[in-house]
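Throw the hints in and build the complete structure from the sequences for me.
Numbering (UniProt numbering), first residue to last: 1 to 290.
Read the hints as simulated data drawn from the structure, not as lab findings. These numbers come from a predicted model, not from an experiment. Hints should not be assumed to be uniformly reliable.
Claimed, not checked - List of simulated lysine to aspartate or glutamate pairs, DMTMM-like, C-alpha gap at most 20 Å:
no. : residue 1 : residue 2
1   : K29       : E2
2   : K134      : E148
3   : K29       : E53
4   : K129      : D115
5   : K123      : E264
6   : K204      : E147
7   : K227      : E91
8   : K129      : E91
9   : K130      : E264
10  : K123      : D85
11  : K156      : E65
12  : K29       : E47
13  : K129      : E147
14  : K156      : D115
15  : K31       : E57
Unchecked claim - Cβ-Cβ distance ranges computed for the label pairs, FRET-style:
no. : residue 1 : residue 2 : range
16  : Y243      : R62       : 38 to 44 Å
17  : E53       : S285      : 48 to 54 Å
18  : K134      : E282      : 41 to 47 Å
For every residue, glycine included, the Cβ atom is placed at its ideal position computed from N, Cα and C.
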Amino acid sequence: MEGLVVKNYAGFYYVDTGKAIYMCKARGKFKKDNLKILTGDRVVIKEIVPNSEGVIESLLPRKNELIRPPIANVDQVLIVFAFADPFPSTELIDRLLVMAFALRLEVVLVFNKFDLVNPESQKLFEYYKKILPKVVAITARGDTGIEELTSYLNQKISVLAGPSGVGKSTLINRLVPGAKLATGEVSPKIKRGRHTTRHVELIKLPFGGFIADTPGFSNLTLPEMDKLELQSYFPEFNQNRKYCYFPNCLHVKEPNCRVRELLETGEIPPFRYENYLTFLEEITSDERSS
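Written out as structure tokens, the structure is:
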């Protein structure tokens, strides 16, 4: 029978077949052939103990694979930030967006703690809502935005990403009554939360689909790409590149650059352009060192 690996822990694979979750070991051939089974993998298992234990016989083809966190067959990334406490880092938002788009993943950008919204974070929210198709304001401890968010999660495998302290575990507890994930309060001293997730686990959503919480700080290196590719992951840059005088315009010093014109008129905010330049310099440095 087929199933989905929802957890890989202490040498056991927990496989959800739809009727039961089986605790499984993998056949020796996986180790022999150096095949690693990841959370999110679709597998074929043989039942050993009815509705309880089994053995993984084969691994079905993956559509994608993430390294950090190690998870397969992801449909979308849920990028979670807070309106305040902690205030959102636009560089980290944009870095996560670029990484997700480069991996050809859909993105849902979530701003939590709507009850703490202020004019500055509201302005950020409205800008991202203008350039991205799925941006939602929620209160994980209440009902605000939850219905809209669940419509985006339905029947998908979603990965959570974002800094600690923004309410990722609280959100899962809100979406899945009984999940009881530990939540990390925000440290008053450093204004970020303590991480509470130790391993990658897919949690079944009651309305359909699965969601994973990802461990570790989002200290992320951009995937390998050339300089021209980067602007493809900034939607407002990509839409306007055709109006630049030079077809290979990087929007740095080139004359008659439409993106810089929009920056001057305020249609593109300075933080987006500054983050683009930061990432462009990272890519340039990588090209020099390779």
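Tested hints:
no.	hint	verdict
1	K29 to E2	18 Å, holds
2	K134 to E148	10 Å, holds
3	K29 to E53	19 Å, holds
4	K129 to D115	18 Å, holds
5	K123 to E264	18 Å, holds
6	K204 to E147	17 Å, holds
7	K227 to E91	18 Å, holds
8	K129 to E91	17 Å, holds
9	K130 to E264	18 Å, holds
10	K123 to D85	16 Å, holds
11	K156 to E65	15 Å, holds
12	K29 to E47	18 Å, holds
13	K129 to E147	17 Å, holds
14	K156 to D115	28 Å, violated
15	K31 to E57	12 Å, holds
16	Y243 to R62: 38 to 44 Å	39 Å, holds
17	E53 to S285: 48 to 54 Å	51 Å, holds
18	K134 to E282: 41 to 47 Å	26 Å, violated
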